[in-house]
Each structure stands twice: as structure tokens, then as C-alpha cells.
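J.: Here's the letter readout for the chains.
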Amino acid sequence: GQNIDQPTEMTATEGAIVQINCTYQTSGFNGLFWYQQHAGEAPTFLSYNVLDGLEEKGRFSSFLSRSKGYSYLLLKELQMKDSASYLCAVLSGGYNKLIFGAGTRLAVHP
Amino acid sequence: GAVVSQHPSRVICKSGTSVKIECRSLDFQATTMFWYRQFPKKSLMLMATSNEGSKATYEQGVEKDKFLINHASLTLSTLTVTSAHPEDSSFYICSARALPAYTFGSGTRLTVV
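The listed protein sequences correspond, in order, to chains A and B.
Each residue of the first sequence is one higher than the last, beginning at 9 in the numbering used here.
Each residue of the second sequence is one higher than the last, beginning at 674 in the numbering used here.
These aren't lab readings, by the way, just hints derived from the structure by calculation.
One thing to keep in mind: the hints can contain errors.
Stated by the list, open to error - Here are some chain B residues the structure puts well away from chain A; computed CB gaps all over 12 Å: (1) Ser688; (2) Lys714; (3) Leu749; (4) Leu772.
What the hints assert, rightly or not - Keeping only pairs whose Cα atoms sit at most 27 Å apart, straight-line, the calculated DSSO-like set for lysine-lysine is: (5) Lys84/A <-> Lys715/B; (6) Lys737/B <-> Lys89/A; (7) Lys714/B <-> Lys84/A; (8) Lys89/A <-> Lys715/B; (9) Lys687/B <-> Lys739/B; (10) Lys687/B <-> Lys76/A.
In this text, all values refer to a predicted model and were calculated from it rather than measured experimentally.
The C-beta atom is built at its ideal place from N, Cα and C for all residues, glycine as well.
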């Protein structure tokens, strides 16, 4: 079976750093994605990890440990516009299906 | 970057009617597209994988006769919700892969009254 877990909600302060964790158990693994989604809009791509380690892209970084089935998304210098849902998704299966976790709703406060 | 165009963005239909949603890859070819459904404040649930020139592959629990998928060309996939009922009201969104990312359409908000 497939199981992707991430916290339901998180809050943080503008200017701070927040880490959103994701653990997964899937049949077959071809990589892990993080997406940002504002309410009523399409998800937008943030990062893709296929090898262990940290990928840094501006204020956002993503980490992957395949042996632990674990990833995190790190957001630095938080801004109000970062208030959104953050979706962890695992690429698995022969068709490379992207399977999403339930998402983490992040609220950034002044 | 890669763009996936989806329309309509919103549709209201009466119970019992059918609704077609189109998903186009604008600047790349997509032999495979994916259709998702999203309930309010919930994540995306994969419904089916659309394959160009062959039958779609449906996820467990998704009625293939209810949600008809056609992928007639390398740039177009359509999802038809047949004999729609209020419980089919949801946000439907398509996706295609343009390496390395999966790009999503803007989604279709379906309301069945």
C-alpha cells in the first residue's frame, strides 16, 4: 500500500523559519515532490528530490532520506504570501503516478 | 515553462447531465496525463491515468463508466463526468509531466445542482 504523512496544520511568524515534515511508505519510489497550493488554485512546483540530501532553491530547501522514507521542506524568511497548503507527493509505479499526501496548511502571522 | 491549459474553469450543471473537461499541454507533448479530484481543504486524489491512444487506467474505487477519459492526441485529454449528481461536485484538476516537474492545469470547479 501507499501512505504519505504530513502534519495537518502549522503556524509560524513572518520572518521566521519553518520545517514541514513528510514521511512515506510506497510501493516503488521514483522521487519526491513538494508543491505549494493556494486555495482554489492549481498546485505550483517547489522542489524535486530523487537522491538523498538537500536541494536548495532560494528561500526554499527540501531534504530527502530514502532509507528513512523521510523528507522535509524548509521555508526561510517567511512572508505573509507563504500562507498556503504545502503538498508532499511521491512518484511511484510504472506509470510514474504522483501520489499526494493530505497537505499541510501553513498560516504565517505578522 | 511548460503550461497545461484546462477549461472550463467553472461549470454548473443540472443533475443527470454530462460535463466535459478539457486538458491541453500547450508547448509540449504528453503521452500520459493524470486526472485528480480535490475536496475542500483536502489533498489531491488521483482518479486515473490518461494514456494517448489507449485506454485510461483508473484508480481503485473510481467508476470508469462514470468518469470517461479520452486521450486522442499528444496534447489533449478530456474527462467527461456522465450523468452527474450533486455528490460529483468537486474541483477536478489535470496534470502532465514536463521534466522534472508535473505541471497542473488551473482546475475546474464543478457544481451539480
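J.: State the violated hints by number, sorted upward, taking the hints as numbered earlier in the document.
T.: 2, 4, 6, 10
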